[in-house]
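**Student:** Now for the letters of each chain:
Protein chains: 2
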Amino acid sequence: MDFYDDDETRSDNLRDEKQFALLRAILTDAKNNAPAYAKLYEGIDIDAIQDKTDLSKLPVLRKSDLTEMQASQPPLGGLTTKPAAEFTSLYMSPGPIFEPGSDAPDWWRFARALYAAGLRKGDVILNCFAYHLTPAGAMFESGAKAIGATVIAGGVGNTDQQIEAIKHLRPRAYAGTPDFLKVILDRADDAGADVSSIQVALVSGGALFPSMRQEYADRGITCLQCYGTADLGLVAYESAHSGAVGAGMIIDEGAIVEILRPGTGDPVPIGEVGEVTVTTLNTEYPLIRFATGDLSAMMDGASDCGRTNARIKGWMGRADQTAKIKGMFVHPAQVDRVVKRYKELSKARLVVSRSGASDVFTLHCESTSQDATLCEQIKQSIRDELKLSGDVALCECGSLKNDGIVIEDTRDYND
Amino acid sequence: MDFYDDDETRSDNLRDEKQFALLRAILTDAKNNAPAYAKLYEGIDIDAIQDKTDLSKLPVLRKSDLTEMQASQPPLGGLTTKPAAEFTSLYMSPGPIFEPGSDAPDWWRFARALYAAGLRKGDVILNCFAYHLTPAGAMFESGAKAIGATVIAGGVGNTDQQIEAIKHLRPRAYAGTPDFLKVILDRADDAGADVSSIQVALVSGGALFPSMRQEYADRGITCLQCYGTADLGLVAYESAHSGAVGAGMIIDEGAIVEILRPGTGDPVPIGEVGEVTVTTLNTEYPLIRFATGDLSAMMDGASDCGRTNARIKGWMGRADQTAKIKGMFVHPAQVDRVVKRYKELSKARLVVSRSGASDVFTLHCESTSQDATLCEQIKQSIRDELKLSGDVALCECGSLKNDGIVIEDTRDYND
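Protein sequences appear in the order of chains F and H. Counting in the numbering used here, the first sequence runs from 6 upward without gaps. Counting in the numbering used here, the second sequence runs from 6 upward without gaps.
These aren't lab readings, by the way, just hints derived from the structure by calculation. Wrong hints could be hidden among the right ones.
Since the list can't tell identical chains apart, any single copy or any two copies may satisfy a pair.
Below are the DSS-like pairs computed for lysine-lysine, each with C-alpha atoms no more than 27 angstroms apart in a straight line [to be verified]:
hint, residue 1, residue 2
1, Lys62, Lys36
2, Lys126, Lys87
3, Lys68, Lys172
4, Lys23, Lys87
5, Lys87, Lys172
6, Lys87, Lys150
7, Lys57, Lys68
I would like the entire structure built from these sequences, with the hints used as guidance.
**Tutor:** Have a look at this one:
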């Protein structure tokens with residue numbers, strides 16, 4: 006087997022030990038040099054953070070927090086350990102959210118994903134991620150440089166020119182969104198253009214449907230996914246050996262991933278769907294417990310490709326389930342506060358529907374007790390936390406659907 | 006005074022000595038390792054190339070040659086000293102013409118232009134050159150990194166997002182085409198957005214009209230131009246000190262510039278308009294006597310900013326003056342062959358017009374003799390070289406318009 010580095014095959018113990026030693030150094034640096042972390046971690050003993058359980062006590066940073074922090078402390082919210090103008094690059098993603106970038110080798114860590122997809126020194130990659138304002142293009146280019154591959158900065162759109170470039174420069178790989186490759190291949194077919202040089206695709210930033218993966222495979226293109234964000238860089242990746250459907254994504258060695266109950270800071274058990282929350286081991290722009298808003302679940306065991314890190318399932322939807330009920334916004338965090346009031350409750354799902362012209366809802370709670378008094382108490386707690394009245398239904402532990410949904414909106418908006 | 010390096014203020018003798026020593030090394034390497042140069046320079050004694058006069062004996066490489074060479078020897082025409090897949094990047098410009106790129110520090114040499122525009126470490130630059138397929142964005146980003154500035158990879162278009170980025174990230178400088186800055190400023194005015202952080206603009210890739218430069222100045226923005234191409238990198242630049250109108254562009258220290266009579270390999274005297282032809286001192290992708298198709302003229306003396314290199318005037322039009330006369334293509338090179346047949350002639354201008362429905366033309370020749378016999382002989386030479394009949398008019402030396410035009414087409418195409 007062939008790995009990008011030894012980190013990929015280290016034992017869980019060694020990984021934890023090394024990652025948490027680095028994390029403590031990063032947290033200490035952040036507390037000293039990044040104003041926002043200085044405030045956020047006031048009174049927290051960094052040296053006591055020895056494992057994931059300790060980590061789970063640190064505050065969660067949400068994408069919405071980031072927007073507010075960047076607005077009140079421009080440009081980067083006080084979350085970096087050096088001034089913005091000391092970074093090589095600055096980017097802007099929709100939100101707007103601003104991100105720093107660097108030309109330090111593989112700063113966003115995508116080299117590991119490219120390597121796992123089978124790409125090597127001497128390969129030519131058509132990089133169809135956007136380079137303008139967003140860091141996506143730069144992220145993959147930086148990773149490609151680290152493995153010694155050559156990049157064609159294709160960017161988005163310009164399908165005919167992409168085909169011209171493929172015909173003449175004969176890249177072996179495509180990097181970009183899952184769907185744009187199909188746009189290129191279909192247009193090339195129509196034009197009778199030879200784009201058969203492309204044998205590998207590393208895709209991200211959108212859903213790769215199994216049918217699409219199969220279609221690429223039928224054309225001789227091995228298509229693998231990776232998962233990352235403009236803020237975090239690489240989070241997880243598929244490996245060519247582990248194959249495709251159901252094999253999951255291996256967590257990057259520079260990231261610590263937790264799956265949290267949406268709206269909370271609490272990790273869910275392995276297998277349960279929740280919000281992907283990531284801690285990056287980046288010394289200049291550390292993001293600690295950054296809740297992505299994406300849903301996924303941890304998988305049992307390790308990949309059969311030999312990489313020992315934990316895996317997550319692919320993207321399973323969005324966690325931002327704020328609903329407007331009777332004119333009031335309800336957040337998953339409010340539901341969580343109701344659940345936390347009772348030791349009997351472990352998990353809940355608020356289902357909103359309509360009765361005539363009125364919004365109604367029921368809070369379904371996994372509970373060790375099915376007592377009617379408990380039910381009435383929970384109703385009162387709902388009134389306290391949500392400023393709304395609703396029903397409560399208690400159910401057996403493990404009986405709620407495992408899809409990460411805390412607020413399910415069943416109202417038909419086409420009435 | 007403040008210069009990017011000592012090269013900018015060296016004596017002409019020292020510059021020639023250093024540049025030609027480096028050029029000989031590059032030519033030797035190219036002859037040994039770049040197949041196209043091996044063929045082109047067969048039998049040429051590289052060691053004998055000691056100055057510009059020797060250089061002017063080497064063959065000229067035209068943009069059209071490049072297209073043909075790249076088609077017959079893909080992907081880079083055999084003009085590089087290493088394989089395409091050993092470059093960091095590959096690009097495609099309209100033509101299509103393909104260019105290699107590298108993440109070696111300031112590979113395209115734009116740092117010098119940015120520095121001369123007053124940009125320094127710690128400055129933030131909004132880079133509105135395109136990063137997709139073309140190398141323009143990467144060229145300026147690479148230069149900005151070399152001076153320690155921070156780049157916002159703005160790219161082209163997305164005016165509203167560019168304004169968002171300026172408001173939040175407050176770049177001190179804009180780099181991009183001359184006109185797009187005005188689009189941004191006007192839109193920002195309409196939206197009441199504060200984009201006053203921008204104080205410096207380095208523009209390229211289009212005409213900077215004096216009125217536009219003045220408009221920027223009126224807003225407190227110092228706007229300077231530089232000139233380069235996707236193939237060559239930087240060729241010449243303005244300096245902040247030398248000021249604006251009429252000060253010209255200082256030739257880059259990594260380029261040797263000649264001004265040639267269009268269609269020929271012959272340098273014109275200082276002040277005469279001709280085709281900008283550039284030799285880059287690039288060891289991996291040397292372009293030797295690369296005729297850009299752009300017109301300019303050498304200026305007398307040096308810039309008052311203290312930089313000692315020669316200057317060219319700004320962009321003065323295109324040199325590719327191929328015309329179709331009576332259904333036949335006529336190239337400036339054919340006109341040149343007529344001129345070269347007679348020691349009396351120094352320069353000529355073929356003026357095409359229409360007589361009724363027919364194309365007619367007159368070849369105006371600067372001549373030391375006004376003899377009628379000579380006139381008749383030239384007419385015969387025209388028939389030989391152009392396969393067309395036309396008139397000849399002899400005139401005094403120095404009397405033809407100095408605009409680099411060899412074939413002037415006065416036909417009205419709106420008839």
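**Student:** A separate judgement is required for each hint: does it hold in the structure or not?
**Tutor:** Do the hints match the structure? See the list:
Taking identical chains as interchangeable, the C-alpha atoms of Lys62 and Lys36 lie at most 27 angstroms apart only when both belong to the same chain, with a minimum of 16 angstroms there against 66 angstroms between chains. In this homomeric assembly, Lys126 and Lys87 come within 27 angstroms of each other (Cα to Cα) only across copies, at 15 angstroms, whereas the closest approach inside a single copy is 33 angstroms. Taking CA atoms no more than 27 angstroms apart as the test, Lys68 paired with Lys172 passes between copies only; the shortest distance there is 20 angstroms, against 41 angstroms inside one copy. Taking identical chains as interchangeable, the C-alpha atoms of Lys23 and Lys87 lie at most 27 angstroms apart only when both belong to the same chain, with a minimum of 24 angstroms there against 41 angstroms between chains.
Within a single copy, Lys87 and Lys172 get their C-alpha atoms only as close as 44 angstroms, which misses the 27 angstroms cut-off; across copies the closest is 21 angstroms, which meets it. Taking the shortest alpha-carbon separations for Lys87 and Lys150, both the intra-copy value of 25 angstroms and the inter-copy value of 17 angstroms come in at or below 27 angstroms. When the C-alpha separation of Lys57 and Lys68 is checked against a cutoff of 27 angstroms, the pair qualifies only within one copy, where the shortest distance is 21 angstroms, while the shortest distance between copies is 60 angstroms.
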